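> Sequence:
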Amino acid sequence: MFFGPSILFGYFTNSQEHPLSKTLLLYTSENLLVVYLIAILITLIILAVSFVISLRIYLNKDL
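FYI, in my numbering the residues of the sequence shown are 24 to 86.
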């Protein structure tokens, strides 16, 4: 999980001659927390849905 930003920052800091890379570096450093929170939220939703489905299958087997 922590390899992504380091590779991203290394890639963008090595190509500092492009002005686009500086704006991308600013954009990623500011919104990295938001991206991580969205990724964690999506992971939790997927885990909750799979847990509910497996719980329903388990309860149906008992009944």
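You may find that some hints are simply not true.
[Said to hold, decoys possible] Cβ-Cβ distance ranges computed for the label pairs, FRET-style: (1) Ile80 x Tyr59: 29 to 37 Å; (2) Leu55 x Lys84: 40 to 48 Å; (3) Lys84 x Ile63: 30 to 38 Å; (4) Val57 x Leu78: 41 to 49 Å; (5) Leu64 x Lys84: 25 to 33 Å; (6) Tyr59 x Arg79: 39 to 47 Å; (7) Leu56 x Leu78: 28 to 36 Å; (8) Lys84 x Leu56: 28 to 36 Å; (9) Asn83 x Ile63: 37 to 45 Å; (10) Ala62 x Asn83: 26 to 34 Å.
What the hints contain is simulated information worked out from the structure, not anything from laboratory work.
Since we're looking at a predicted model, the values are computed, not measured.
A virtual CB, placed ideally from N, CA and C, is assigned to each residue, including glycine.
> Give a verdict on every hint.
How the hints compare with the structure:
1. Ile80 x Tyr59: 29 to 37 Å: holds (32 Å)
2. Leu55 x Lys84: 40 to 48 Å: holds (43 Å)
3. Lys84 x Ile63: 30 to 38 Å: holds (32 Å)
4. Val57 x Leu78: 41 to 49 Å: violated (31 Å)
5. Leu64 x Lys84: 25 to 33 Å: Hint holds: Cβ distance 31 Å, inside 25 to 33 Å.
6. Tyr59 x Arg79: 39 to 47 Å: For arginine 79 against tyrosine 59, whose Cβ atoms are near 31 Å apart, the range 39 to 47 Å is violated.
7. Leu56 x Leu78: 28 to 36 Å: About 32 Å separates the Cβ atoms of leucine 56 and leucine 78, which means 28 to 36 Å holds.
8. Lys84 x Leu56: 28 to 36 Å: Because 42 Å falls outside the window, the suggested range is violated.
9. Asn83 x Ile63: 37 to 45 Å: Since the Cβ atoms of asparagine 83 and isoleucine 63 sit about 31 Å apart, the hinted range of 37 to 45 Å is violated.
10. Ala62 x Asn83: 26 to 34 Å: Holds, since alanine 62 and asparagine 83 (Cβ atoms, about 32 Å apart) stay within the stated range.
This entry does not satisfy hints 4, 6, 8 and 9, going by the numbered hints stated previously.
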